Structures are given as structure tokens and as C-alpha cells.
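Participant: Starting from the given sequences, assemble the full structure and let the hints guide the process.
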Amino acid sequence: MSGATARTEPRRATPQETDGRSSLDRKFARLGWGFATPALLVVLAITLFPIAFSVAMSLSHVTVSADGFQLSGTTGEHYELLLKSDRWRHALVFTVLYTIGTVVAELVLGTLIALVLEQLSGGRGWMMALLLLPWAMITVVSAQLWAYMYNGVYGVLTALTEGLTGTPFQFLGTPTPAVLSMAAADVWKTTPFVAIIVLAGLMMLPSDVVEAARVDGANAWTAFWKVRLPLLRPALVIAVLFRILQAFGIFDLPFVLTGGGPGDATESLALLGWQVMFTNLDFGPGAAVAASTAALVLVGCLIFLRAFKARVGDEETQA
Numbered sequence: 437m438s439g440a441t442a443r444t445e446p447r448r449a450t451p452q453e454t455d456g457r458s459s460l461d462r463k464f465a466r467l468g469w470g471f472a473t474p475a476l477l478v479v480l481a482i483t484l485f486p487i488a489f490s491v492a493m494s495l496s497h498v499t500v501s502a503d504g505f506q507l508s509g510t511t512g513e514h515y516e517l518l519l520k521s522d523r524w525r526h527a528l529v530f531t532v533l534y535t536i537g538t539v540v541a542e543l544v545l546g547t548l549i550a551l552v553l554e555q556l557s558g559g560r561g562w563m564m565a566l567l568l569l570p571w572a573m574i575t576v577v578s579a580q581l582w583a584y585m586y587n588g589v590y591g592v593l594t595a596l597t598e599g600l601t602g603t604p605f606q607f608l609g610t611p612t613p614a615v616l617s618m619a620a621a622d623v624w625k626t627t628p629f630v631a632i633i634v635l636a637g638l639m640m641l642p643s644d645v646v647e648a649a650r651v652d653g654a655n656a657w658t659a660f661w662k663v664r665l666p667l668l669r670p671a672l673v674i675a676v677l678f679r680i681l682q683a684f685g686i687f688d689l690p691f692v693l694t695g696g697g698p699g700d701a702t703e704s705l706a707l708l709g710w711q712v713m714f715t716n717l718d719f720g721p722g723a724a725v726a727a728s729t730a731a732l733v734l735v736g737c738l739i740f741l742r743a744f745k746a747r748v749g750d751e752e753t754q755a
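In this note's numbering, each number is its position in the sequence shown, counted from 1, plus 436.
Any given hint could be a false lead.
[To be verified] Below, simulated SDA-like cross-link-like pairs (lysine to any residue); rule was C-alpha separation at most 25 angstroms, straight line:
| # | residue 1 | residue 2 |
| --- | --- | --- |
| 1 | K662 | M640 |
| 2 | K520 | L495 |
| 3 | K745 | P666 |
| 4 | K662 | A636 |
| 5 | K662 | V676 |
| 6 | K745 | L672 |
| 7 | K662 | V646 |
| 8 | K463 | T473 |
| 9 | K520 | L533 |
| 10 | K520 | V646 |
| 11 | K745 | F678 |
| 12 | K662 | L672 |
| 13 | K662 | L556 |
| 14 | K745 | L543 |
| 15 | K745 | L638 |
| 16 | K745 | V735 |
| 17 | K520 | A492 |
| 18 | K520 | A701 |
| 19 | K520 | V733 |
| 20 | K463 | L477 |
| 21 | K745 | V733 |
| 22 | K662 | R742 |
| 23 | K520 | T715 |
| 24 | K662 | I632 |
| 25 | K745 | A619 |
| 26 | K745 | G537 |
| 27 | K520 | S508 |
| 28 | K520 | L717 |
| 29 | K520 | V532 |
[Claimed, not checked] Quick list of the computed label-pair ranges, beta carbon to beta carbon:
| # | residue 1 | residue 2 | range |
| --- | --- | --- | --- |
| 30 | L568 | S643 | 24 to 30 angstroms |
| 31 | Y590 | W469 | 54 to 60 angstroms |
| 32 | I739 | T603 | 42 to 48 angstroms |
| 33 | M564 | R669 | 18 to 24 angstroms |
| 34 | S557 | L717 | 57 to 63 angstroms |
| 35 | M563 | K520 | 16 to 22 angstroms |
| 36 | K745 | W661 | 19 to 25 angstroms |
| 37 | A572 | I674 | 14 to 20 angstroms |
| 38 | G609 | A656 | 42 to 48 angstroms |
Derived from the structure by calculation, the hints contain no laboratory data.
Fair warning: this is a prediction, and the values are worked out from it, not measured in the lab.
Yeah, the Cβ is synthetic: ideal placement off N, Cα and C, and Gly gets one too.
Facilitator: In C-alpha cells form, the structure reads like this:
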């Protein structure tokens, strides 16, 4: 047609183009969910169901008999008893401070170890294998080994302090040494886990950014603090989250080493819940301790993730 401008209708995007995935990607996604479903069902059965049942038990009247226990009605008296309990508040404070102290120590030591491993040109595999031995050891076994070393009669560390000072030091006999001794055993076991995660993050960092910083005159410390550490934050967040989840629910280490003592100096929330539920047979208050612990862990992790995202968003805005 002369003098007329040809007009073409815009092509409509297909559903596959709209969400950015092809039919092959969808098939792989369905296949992945199919393979993951059995594992997700197992996780649902062994984690979410006990938590839900603990919440239901903590809000019910629990009747204990020779045939077991029965739930009836609804009540909030278990949580009222919890909030009025000095023992629960002490366990909460101890667990929070213990988590903060051990996680910070493990993060610092793990990062230093990862930096050393990164510089190794040969033998890194052997060093990583040796490093993972404490972490791969079952916590109850490692706790028993540390109990032997801390023993006030025949312990290796007790004999060592006696040889150096002339007086055997009681590592687990008084509150402060008991807390520090238990924290040392925990840091020894779990620092390799943090080191491996940090090392994986270091290996994935772009080398050209660090080289550009050094060309601009930055020394090794400045390059690490200003360039590498901000890029390493995702790996550090993963390590911190895993360690918070593990440290806040610590049970086996104080159970084997101190039994929560001396007194209640090393009694964590998990250990308190076990003692209330299975020693005193107070299932309602024990379930309330377990449910409150899970809620505190969830809230703490959400706050940490929110603060991390806000910090990253501020840095991207400033950049």
C-alpha cells in the first residue's frame, strides 16, 4: 500500500518467556522436587512435627499416669510458670551469652585458619582432613574425652597445671572455670566447620579485585578488611546461622561434662527442658521450655538475617 506505514502487532510473550524458564527448566525443577520430596518428608517428620507437638503440649493440661500422658484442655499456666522461674531466666542468660561468646570465637579463629589454608600451595588437602577430625567426631565422644582431660584426679590438663603451678587446677569445680572449659571444648570441635565454610568463600572471591586494591597501594590487612571481608559476608552469614542454631540448642556437651553444674552454672535451655520433662516428669513446663527455645532461635535468626540484608542494602545504595 502506497503512503501507508506498515504496522506490526507486538508479539505476545509465551508463559515460558514470561517467567524466564523454558519447558526443560520446568521439567528439571519438577524432577528436583521429586527427588527432594522424600528428604523433605523426613525433615517434616523429625523436626516440624515434634516442634508442633511440643507447642500443643505446652498449651495443654498434661496428666501423667502409668500408661503415659494425656493432653486435655487449653492453658497458659506453663508459660506463666516459666516467666516467673529464676532458673529459666538463668538458663536463658547463660545460653545467650554462651552462644555469643562461642560463635564470635569460632568466627575469628575459623577465619584466621581459613586464611592460612588459603596460602598453602601444597598439603592443603591433608591439612583440611586433619582439621575436620574434631568436627567429624560425635559430640558425646569428644565431650567424654575432654571430661577425662579435665578430671580433677587423673586428668591430663589437671596434672599439667599441677606441674606448672604446684597446685592442681579444678577446671569443672567452680562456675567460671566450668563455663570457660566447656566453651573451650565447644570451640575446639566446631571451629573447623567455620574454617571450611570461610575457606570455600575465600576460594570463590574474584582475584582481580584484590589485585586492583594492592595496585592502588593497599597492604594485606587493608585489602582483607576493606575488600575481601565485605565480599566474604555471605559465607560468614551461613557459618554464623548454623552455629547459632547449634550453640543455642546445646545439650550433649554440658550433659556429659558438667550435668549443668556446678549448681546451675552451665545449665542451658535444652538441658533445663530435659531435666524438667524427663527427671521431674513435668511434661507441660518442659514442653514450654522446648517451645520457647525454638521460638527464640527462630526470632534471633530472623533478626540477624534482616539486619544483614539491611546492611547490604545500605552499602549498595551508597555505592
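Participant: The structure should be examined with respect to each hint, and the outcome stated for every one.
Facilitator: Outcome of the hint check:
Under the criterion of a C-alpha separation no larger than 25 angstroms, the hint pairing K662 with M640 is consistent with the structure, at around 17 angstroms. With a C-alpha separation of about 17 angstroms, the suggested pairing of K520 with L495 holds against the 25 angstroms cut-off. A C-alpha spacing of about 13 angstroms is found between K745 and P666, which places the hinted pair at or below 25 angstroms, so the restraint holds. Taking the CA atoms of K662 and A636, the gap is about 19 angstroms. The hint holds against a cut of 25 angstroms.
Restraint check for K662 and V676: satisfied, since their Cα atoms lie roughly 20 angstroms apart, inside the 25 angstroms limit. Pair hint K745 plus L672 holds up; C-alpha atoms about 13 angstroms apart against a cutoff of 25 angstroms. A distance of roughly 10 angstroms separates the Cα atoms of K662 and V646; the hinted pair therefore holds under the 25 angstroms criterion. For the given pair, K463 sits about 15 angstroms from T473 by alpha-carbon distance, which is consistent with the 25 angstroms threshold.
Between K520 and L533, the direct Cα distance comes to roughly 21 angstroms. Compliance with the 25 angstroms bound is thereby established for this hinted pair. Pair hint K520 plus V646 does not hold up; C-alpha atoms about 54 angstroms apart against a cutoff of 25 angstroms. As the CA atoms of K745 and F678 are separated by approximately 17 angstroms, the hinted pair is consistent with the 25 angstroms bound. Between K662 and L672, the direct Cα distance comes to roughly 15 angstroms. Compliance with the 25 angstroms bound is thereby established for this hinted pair.
For the proposed pair K662 and L556, the alpha carbon gap of about 23 angstroms is at most 25 angstroms, so the pair holds. Taking the CA atoms of K745 and L543, the gap is near 19 angstroms; set against the 25 angstroms cutoff, the hint holds. Restraint check for K745 and L638: satisfied, since their Cα atoms lie roughly 21 angstroms apart, inside the 25 angstroms limit. Taken as a hint, the K745 and V735 pair is honoured in the structure, with Cα atoms around 15 angstroms apart against an allowance of 25 angstroms.
The straight-line distance between the Cα atoms of K520 and A492 is roughly 21 angstroms, inside the 25 angstroms bound, and the hint therefore holds. Distance hint between K520 and A701 is fulfilled; the C-alpha atoms sit about 19 angstroms from each other, no more than 25 angstroms. Of the pairs offered as hints, the one joining K520 and V733 holds, with about 21 angstroms between alpha carbons and a cut-off of 25 angstroms not exceeded. Annotation: proposed proximity of K463 to L477 holds, straight-line Cα distance about 21 angstroms (limit 25 angstroms).
Only pairs whose Cα atoms come within 25 angstroms are accepted, and K745 paired with V733 is accepted, the gap being roughly 18 angstroms. A distance of roughly 22 angstroms separates the Cα atoms of K662 and R742; the hinted pair therefore holds under the 25 angstroms criterion. At roughly 20 angstroms between alpha-carbon atoms, K520 and T715 fall within 25 angstroms of each other, so this suggested pair holds. A hinted pair counts as satisfied when its Cα atoms are at most 25 angstroms apart, and K662 with I632 qualifies at roughly 22 angstroms.
Only pairs whose Cα atoms come within 25 angstroms are accepted, and K745 paired with A619 is rejected, the gap being roughly 30 angstroms. A threshold of 25 angstroms between alpha carbons decides the hint, and for K745 with G537 the separation of about 23 angstroms falls inside it, so the pair holds. Restraint check for K520 and S508: satisfied, since their Cα atoms lie roughly 23 angstroms apart, inside the 25 angstroms limit. The suggested pairing of K520 with L717 holds, with an alpha-carbon distance near 19 angstroms, which does not exceed 25 angstroms.
With a C-alpha separation of about 19 angstroms, the suggested pair K520 and V532 falls inside the 25 angstroms cut-off, and the hint holds. As the Cβ distance of L568 to S643 is approximately 26 angstroms, the hint placing it in 24 to 30 angstroms holds. Distance hint for Y590 and W469: a CB-CB separation of about 55 angstroms, consistent with the stated range 54 to 60 angstroms. Judged by the Cβ atoms, the range 42 to 48 angstroms given for I739 and T603 holds: they are separated by roughly 45 angstroms.
For the hinted restraint 18 to 24 angstroms between M564 and R669, the CB-CB distance of approximately 23 angstroms keeps it satisfied. About 60 angstroms separates the C-beta atoms of S557 and L717, a value consistent with the hinted range of 57 to 63 angstroms. Under the hint 16 to 22 angstroms, the C-beta atoms of M563 and K520, about 52 angstroms apart, miss the expected range. Distance hint check: the CB atoms of K745 and W661 are about 22 angstroms apart, consistent with the given range 19 to 25 angstroms.
With their beta carbons about 19 angstroms apart, A572 and I674 fall inside the hinted range of 14 to 20 angstroms. Our hint of 42 to 48 angstroms for G609 and A656 holds, since their Cβ atoms are close to 44 angstroms apart.
In this structure, the earlier hints numbered 10, 25 and 35 are contradicted, and the remaining ones agree with it.
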